[in-house]
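Protein chains in written order, with numbering that gives the first Met the number 0: chain A, 0 to 555; chain B, 0 to 160.
Calculated from the structure, these hints are not laboratory results.
This structure is a prediction, so every number in the text was calculated from the model and none was measured.
Built from N, CA and C at the ideal position, the CB exists for glycine as well.
Treat the hints with care, as some may be off.
Below 27 Å or equal to it, Euclidean Cα-Cα: the simulated DSS-like pairs (lysine-lysine) are [said to hold, decoys possible]: (1) A/204 <-> A/355; (2) B/89 <-> A/311; (3) B/65 <-> A/308; (4) A/355 <-> A/330; (5) A/204 <-> A/334; (6) A/204 <-> A/13; (7) A/311 <-> B/61; (8) B/143 <-> A/308; (9) B/143 <-> A/311; (10) A/347 <-> A/398; (11) A/517 <-> A/353; (12) B/65 <-> A/175; (13) A/148 <-> B/71; (14) A/131 <-> B/65; (15) A/204 <-> A/398; (16) B/129 <-> A/311; (17) A/175 <-> A/148; (18) A/65 <-> A/194; (19) A/308 <-> B/23; (20) A/141 <-> B/71; (21) B/65 <-> A/141.
Cβ pair distances, simulated, as ranges [said to hold, decoys possible]: (22) B/26 <-> A/335: 45 to 53 Å; (23) A/311 <-> B/87: 42 to 50 Å; (24) A/311 <-> B/13: 32 to 40 Å; (25) B/39 <-> A/246: 54 to 62 Å; (26) B/52 <-> A/177: 35 to 43 Å; (27) A/288 <-> B/13: 34 to 42 Å; (28) B/52 <-> A/189: 49 to 57 Å; (29) A/178 <-> B/20: 48 to 56 Å.
Among the chain B residues that face chain A by a calculated CB cut under 10 Å, a handful are [claimed, not checked]: (30) 57; (31) 94; (32) 95; (33) 98; (34) 144.
Letter by letter, the chains look like this.
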Amino acid sequence: MRMTAAKALVECMKREGVEVVFGYPGGAVLPLYDVLYDEKEIRHILVRHEQGAAHAADGYARATGKVGVCIATSGPGATNLVTGITTAYMDSIPLIAITGQVRRDILGKDSFQEADTSGITMPITKHNYLVKDPDLLPYIVKEAFYIAKTGRPGPVLIDLPVDVQATEIDYQPIEKVSLRSYRPTYEGHPGQILKAAQAIAEAEKPVLFVGGGCITSGASEEVIALAEKCQIPVVHSLMGKGTIPEEHPLSLGLLGMHGTVAANLAVSECDLLIAVGARFSDRSTGKVSTFATMAQVIHIDIDPAEIGKNVKAHIPIVGDAKRVLQQILAKVEPKQHPAWIERVNNWKEQYPLKYKEEGEVIKPQKVVETIWRLTNGEAVIVTEVGQNQMWAAQFYKTKYPRQFITSGGLGTMGFGLPASIGVQIARPDAIVFDIAGDGSIQMNIQELATAVQQRLPIKIAILNNGYLGMVRQWQELFWNRRYSFTQITAPDFVKLADAYDCVGIRVTRTNEIEDAIKKALEIKDRPCIIDFIIAPEEKVLPMVPAGGSIDKMLVD
Amino acid sequence: MRHTLSVLVENRPGVLARVAGLFKRRGFNIESLAVSITQDPTTSRMTIVVDGEEAMIEQISKQLNKLIDVIKVIDYTFAPTLERELALVKVEATAQTRREILDLTHIFRATVVDVGESSMVIEITGDVEKVDAFIALVRPYGIKEIVRTGKIVMARGLQSL
């Protein structure tokens, strides 16, 4: 069928199941936007900054497991996507970024709004394309979606010169991808599975360490089954939060820098560490040379390059987390180790996550806890980055996968609000809370207009301490309380909410927290900002100083 | 330790940038690099010499394999291989020293490819050690310029990448 490459691109996206795209028009994507103008099956969400488009598409992908799609024009449009693409890359999120490019005959001549997008995004994408032959576009789109969502997922960028978009091609749907150089391994090696099963049978003090790979592969059921069958306590990385309900008796919570005492001590003492879809980031391990020194390590990951990268694996298994756990489950017998479980439970009881209540002064942990209680622990929690993120991770106990949406690897401030937009569009009936700080929320505050235009009932809980709180905390602990440029002013968020046509509520006293959240939960047709004025110097604890050993935590 | 990686890649624009970018980003240093098309015009071969510990070399191979355009990576360090490098060496040569340089050239089965009033250009082919040895011997005469191709390798016998 004859049609423009732009039209073919949209047809290809529909075949890939794309229902929504997040974008911002501009000169170099006009042919594509002209097609989108008449498009009925794909909903286009107009953001207010391209970074918002990337994060929204990313949030959509995290909430659904589907591929998120964002669109930007050439030059500044494309460079504005960069932080969003990197965020998705670091957390292995399937994303397609489509960027306009200047026409082919002026490429490489420093033309107006020209940037070397494929060059810039080379190290932050799983793969990228600069399309010079319009006839190849349908193959490229098919390949791009395939690469983005298979194996270890990640962002793929397609850079499309504006004249390529406008060229008529003979469009035939592409059915199959054949890439000789890309064949992810899903099945675990049978010999390694047997070794793992044997190690589990012999272990006296095993721990399961689950990461984002368990969420990606949908391995929750298998993780819980293995934990219960062999009585293995479970710790999670930030990306693995939600794999196992946190109120499950075998869940020890978050591992690492702001992890629980129980999780950190259990990993430090265990004789077998079964890491599943976790990449042993420095935030999880602390000092590598003192990390899990007593343990044999089984490392299950779909990306062979992760195995042995940071921590030595005694039993490496390359494969899909869900599939490999099924294979292991078929080979292990039920097991008990009451002494270990008792020891771990003692830590849990002795060192719960805690905070001091101080009368009327609002404690951020109390805010998160109250949100958790009033949403029955079932809201989708999106976070910004910093203290807000850690308090959310510690005090909102998740029940199911894809419930906790956060920028883990890159730690992108400004992620939360635009990501919430993607999440709320993916799950229109869910309660979506963006747990924010007064610093982070100002980084992409323009996306409020997007949320209002789409009538999205996102709740934004700003934990407002007048500081860039996490940096301030580091300055307090490690830089002699020299608060260099961490005091930050903010607009009046209630007036700001009003200006954007959202609801704004300010809360200054502990006894107002509950009513404010209840009021926010009743709003169904627009975003609501709750500005919680919190104790300004509250810290996130426990804390393992950067590069420190995870068994040495600051607790008070 | 020095490792020789033979990397088969798709013959497409930008592949060299992807490989070079990966080395830079992960902090791996390339000692030499030779790239050219293979018997199959859709693929190119890169021969990369890199110095590092085992764990680092393993990580390099794995990261290279993750690139969609990389088809295959083989570490030829411990395999029986043919190894060649070509160098052009421009040496200062006076009437007095020309004869001696020529003798060295013959011993190494190298070839004089250009002679000027006060210099000679010698083409030498061989494994890296041979090229190094020749350069060391002619260095006292005064080297004006050296251009080396970087090493290429091929497995002996029937085995191919």
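- So which hints don't hold here, by number, going up? The structure breaks hints 1, 2, 4, 6, 8, 9, 16, 18, 28, 29, 31, 32, 33 and 34; every other hint is satisfied.
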